[in-house]
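S.K.: What follows is the residue order along each chain.
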Amino acid sequence: MKLSLNWLKELIGRQNNITDQDIIDALPQLGYEVEGIYKFDKEVLSNIKVVKILKVEKHPNADKLSLCEVTDGKNIYKVVCGAPNVTQNMIAAYVPAGGIIGGGVVVKNKEIRGVVSEGMLCSAKELKLYEDHSGILSLDESFPLGETLDKHLDDTVIEISTPANRYDCLGHAGIAKELKIKFNLEVTEHINPLSYLENKKLPFFNVKISSYDLCKRYIAINMTSINNKVKLPFFIRFRLNILGLRSINPLVDISNYVMLEVGHSIHIFDANKLYGDKIIIRNAKEKEKVIALDGKTYELSSDCIVISDEQKPIAIGGIIGAENSCVEDETTNIVIESAVFNQSKIRLARKNLNINTEASYRFERGSSFFLCELAAAKAYQMIEKYCGGEVVKFVDEKDMDYYNEIVSFNTNGIKVELDFLESLLGITVDPQKFINIVQNLGGKIKFNGENILTTRSFIVVPPLTRQDIKFPADIAEEIMRFIGYDKIPETLPHNIFEIKNNADVLKEKIVTILSSTSLNEVINYSLCSAKDNEVVRNNENLKIKLLNPVSNDYSELRLSLLSGLIRNLLVNYNNQVDTEIGLFEIGKVFYKADKKTVEEEKVGILIYGKKEILSWKKIVLEYDFYYAIGIIEKLFEKLNINYTKNLSYKSSKEYLLLNEEFLSKILYFLNSEEEIIGFVSELNKEKFKLKLPGSVFYCEVSLNNLRKSFKKDEIFDPIVKFPCVFRDLCIVVNRDISYQQIIKTMYSCINKDIILDVTLIDYYQKENFLSLTFSLKFQNKTKTLTDEEVDLIIKEMLEKLSKYDIKLREK
Amino acid sequence: MMKNLNEEYIEKLTQQCLEEINNATSLQQLESIRVKYIGRKGELRKFFEELHNLDLEKKRQIGSLLNTSIRHIEEELKSKITKFKSSLTDSFKGEFANLEITLPGVKFSLGCLHPLNKIYKEIIQIFLNLGFNIEEGPEVEKEEYNFTLLNIPADHPARDMQDTLYLLDEFEEKLLLRTHTSPVQIRVMLSKKPPIKSIMPGRVYRHENLDASHLFNFHQVEGLMVDKGVKLSDLKGVLTFFAKKIFGENIQSRFRQSYFPFTEPSLEMDIQCLVCRGEGCSVCKNSGFVEILGCGMVHPKVLENVGIDYTKYTGFAFGLGVERIAMLKYKIDDIRLFYENDLRFIRQF
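Chains as they are written, first to last, in the working numbering: chain X, 920 to 1730; chain Y, 952 to 1300.
These aren't lab readings, by the way, just hints derived from the structure by calculation.
Don't be surprised by glycine CBs; every beta carbon is placed ideally from N, CA and C.
Accuracy of the hints is not assured; some may be wrong.
Unchecked claim - Restraint-style ranges between C-beta atoms, simulated for each label pair:
| id | chain 1 | residue 1 | chain 2 | residue 2 | range |
| --- | --- | --- | --- | --- | --- |
| 1 | Y | V1234 | X | Y1682 | 53 to 61 angstroms |
| 2 | Y | V1234 | X | N1111 | 48 to 56 angstroms |
| 3 | Y | F1300 | X | L1466 | 32 to 40 angstroms |
| 4 | X | Q1300 | Y | E1124 | 50 to 58 angstroms |
| 5 | Y | E1124 | X | V1424 | 29 to 37 angstroms |
| 6 | X | V1539 | Y | N1049 | 27 to 35 angstroms |
| 7 | X | Y1658 | Y | Q1076 | 36 to 44 angstroms |
| 8 | X | N1565 | Y | L1005 | 51 to 59 angstroms |
| 9 | X | E1218 | Y | K1144 | 46 to 54 angstroms |
| 10 | X | V1424 | Y | N1049 | 44 to 52 angstroms |
| 11 | X | F1390 | Y | K1125 | 48 to 56 angstroms |
| 12 | X | F1688 | Y | Q1076 | 52 to 60 angstroms |
| 13 | X | V1539 | Y | K1125 | 54 to 62 angstroms |
From just these sequences and the hints, can you work out the full model?
M.R.: Right, dumping it as structure tokens:
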């Protein structure tokens, strides 16, 4: 919301000498963030003189230019002007040669189509006041001729954000009131602003509210004999303009001016354009069409509020008026509308119609019964003052039950204990200060007891405008807004150091292990495209789609971490950072099962390229399928997880599996319950349209399934001091047997005292047999192992292996 | 018993072997030295077969000496072999010695943690140290938990503060992607009795178009403390402590009035701008301060909604954006960098 600091200062009272800076500093403390400050350019304005246009003639050589004689009270200047609005007797802004205007332009006496122009007449834009370049700035008689403009147009416009619950502060008056309380100035309330009209016993204007759910109060004031061709004082038009509302005609300008001051939006209809003598507030008919003041046609749904005469809609209630009933220059007979509309309905309609107006901005935040009548009163009084006319009919239709509810709440008030305030805030609250703040807010204080200064319990009756104040905590906030949060000390809660660390150890361990293998952690969006989710089997049934996605690229929740990691691979491959791209992400994937949503944490690992250390010492390690397996094996080893490896899986109903066509290889890791705890795969690059050399490997680990067998405690294995015995064993395999079976067989040959460490150090395939060379490391926990003992073990191993057609390789 | 099975001889043999290794000029020579001394039938190795003839004490001494000697020889062999294999022979001697010794070390790569996770951990650790525990909840939430119970009624402009991503309507109730981690506060308060002292870290979602300062998903850490006698000054104390731990002991902070439907009073906390140190610059819009979090005393209506007696218990709550803290701390100017995962970015942390 934009505010003029001059206007605020005027409402606060000039005599109080509040400065711009005082206001700018106080607003944030009160909860109004200052989002922008636009100060008029004094340097430009100090060059500009007030002049009167004495004569306007057509330029002899150009149709669209005028030749003007202007005076600053002393001299007469001849100026060429192209503005369409230049007229005789106009008071205008004139810049003589040598002056600088907006955009850093230095004005010169220059010949325009054969006539020399001495300086120029300026538009608001050229003076850097507001964006209007359609004509020259039209001042009025209140500006003394010859004086420079910086003395008369010194203002600053600020833009503030208002809290969503403070509908009483959507205008200058509301903010000025807040500032007055902050600055300890007396606040005066307008009481019964419409009492004058009520007392006149005017005939009723016929208004029918079809349901109070739409509108809780509707004030209609019918005025006749209006002159809408007058010129409003400069300051009214000027304030509208600098606050972003274009000056249109006196009636429209007055309704906008009232809104900007009071903070309540009103509307004015041309009464002669209404059919019949009744205004009806009703739900819109389905698909009812309204051509609005912005020239657009809106098709309404039945939850919109419509204001209509006996024939047609004349406004979309609380949002925008219809073209068919708008006031124009010729208008003489009007109805002023000031109403309280249902804020939810306004918000819904505003969203559905995709329209944002000053009115909808205010009504959807709520509106006050009190400001509603204040705005109505202010409007008819201003119209009487500037456009003449008289009020002939008047009505104030309201939901009396609701009204009584507010009033009764206000008589009952809120019980506030100072002890409660003090224990909530952690400061001592001075009763006198407390009372002052409540009273300045317009609230009333009731209490029992003799001495106000020794009373600890009060009844606070908030002002009618503040229906947001309902709890003692609300009063606490009011107190703090005016005392300032810097007065609150810093304390620590009484039980602050009872530590109960419940951090996720498994996740932390995984991050540590994976980053120690030189993989880098990444974080991707959890939203993805439909195409991204295609990598997962049965994705159509599993995926969760958004109703209102930001874009098609992010329209579903991810089923897999893979697509994000591939995107990261490409970013880094294209950047050519280095040849090694090793990434991992721990994140949630989302799917639906039995009409419910499931969130599951996975670890995704993607490796590509080679660990090539660019150095004068050549160190190269190609990433391949077995490196990927190594990462998973190392991870499980460090986490103490038992697993088996398998090319297929049996039961995996709860696992999100990748579509096989996207993979060229896959190996599953299963726990003892045959659940998948992870897999290692090589991607089918063609399916992913990956245009890069070499292979890409993706591994995944299921945190859920891993968690079942993960134990937090680590137990120390004593270090064995006895020497190791090393042997190489070279065997030939010619049958389909898994590596794990071979290893298992080897381990079955040792007793519990022996520690065996098996490393495959050579592998080759020849014709129909495989040759495997192992390096075996033996150690006995209790004594020194002899060669003979080791020989015996190896002999047993070979015997057992021979059952699988495995024998020692001959030289 | 073998006549040479004594310490003196073993040491002599070892010395002799080391000398031969030192003088060796080829890998083949080294291999034959290995076979000669420590191969399976090597001169030193074969002593092991004789050990059983010695008495226990002697056996241990000689055995240990043999092991040490063999290991020493193995190491020497290994380093000599490496030397032969490497392009630089004869370590750091001769006219290029100076250059050689100053050549760069091997540039190996380290695995790095994502900066967001680093700061996430840092934030969480501070609150863990203050006795808060961690509570987590689903990212797909019910409207009731995300809004209604938090005192944000339907069609209230407060919902505009958090434009929401909704799921397609195919579930039993209306579901959305949580716009803050506050629904976890509701879940905790519904399931536990005070005292409650928890933080709620997690991912949250808003209907925002991506730009340098907006994302449709980001991370939050919220905190909640509900007990008898929890005060606004406690909130101020905890958050000031937090700011000092994250941004340094000298950081200035201030609290401002704000509005959230679920707290009353509601505040925002600013810290001194880290770019200009309070002087005023474009980052802090010349105010000298930047906002880091929103907080306040839990609204009585919220306590009432979860069945906590607001006349007996009070509480404070706060919520901060992890990306925002990371951006301020590391002076990152584009929030999208966190999700691009360019290794040139990640490796800086």
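S.K.: Starting from the hint 48 to 56 angstroms, judge whether the C-beta atoms of Y/V1234 and X/N1111 obey it.
M.R.: The hinted range 48 to 56 angstroms holds for Y/V1234 and X/N1111, with Cβ atoms some 50 angstroms apart.
S.K.: Given the range 51 to 59 angstroms, decide if the beta-carbon distance of X/N1565 to Y/L1005 lies inside it.
M.R.: Given a distance of about 53 angstroms, which is inside 51 to 59 angstroms, the answer is holds.
S.K.: Return holds or violated for the Cβ distance of X/Y1658 and Y/Q1076 against the range 36 to 44 angstroms.
M.R.: Hint holds: Cβ distance 42 angstroms, inside 36 to 44 angstroms.
S.K.: Has the hinted range 29 to 37 angstroms been met by the Cβ atoms of Y/E1124 and X/V1424?
M.R.: Check passed, 34 angstroms falls within 29 to 37 angstroms.
S.K.: Assuming the hint says 48 to 56 angstroms, is it satisfied by the Cβ distance from X/F1390 to Y/K1125 or not?
M.R.: 29 angstroms, violated
S.K.: Is the gap between the beta carbons of X/F1688 and Y/Q1076 within 52 to 60 angstroms?
M.R.: 57 angstroms, holds
S.K.: With 32 to 40 angstroms as the target window, see if Y/F1300 and X/L1466 comply at their CB atoms.
M.R.: 36 angstroms, holds
S.K.: Given the hint of 54 to 62 angstroms, check if X/V1539 and Y/K1125 actually sit that far apart at their C-beta atoms.
M.R.: 56 angstroms, holds
S.K.: So the hint says 27 to 35 angstroms: do the beta-carbon atoms of X/V1539 and Y/N1049 match that?
M.R.: 29 angstroms, holds
S.K.: Does the beta carbon distance between Y/V1234 and X/Y1682 stay inside 53 to 61 angstroms, or does it fall outside?
M.R.: 59 angstroms, holds
S.K.: Go ahead and decide if the range 46 to 54 angstroms is satisfied by the Cβ distance of X/E1218 to Y/K1144.
M.R.: The hinted range 46 to 54 angstroms holds for X/E1218 and Y/K1144, with Cβ atoms some 52 angstroms apart.
S.K.: Do the beta carbons of X/V1424 and Y/N1049 sit within 44 to 52 angstroms of each other?
M.R.: 50 angstroms, holds
This entry does not satisfy hint 11, going by the numbered hints stated previously; all others are met.
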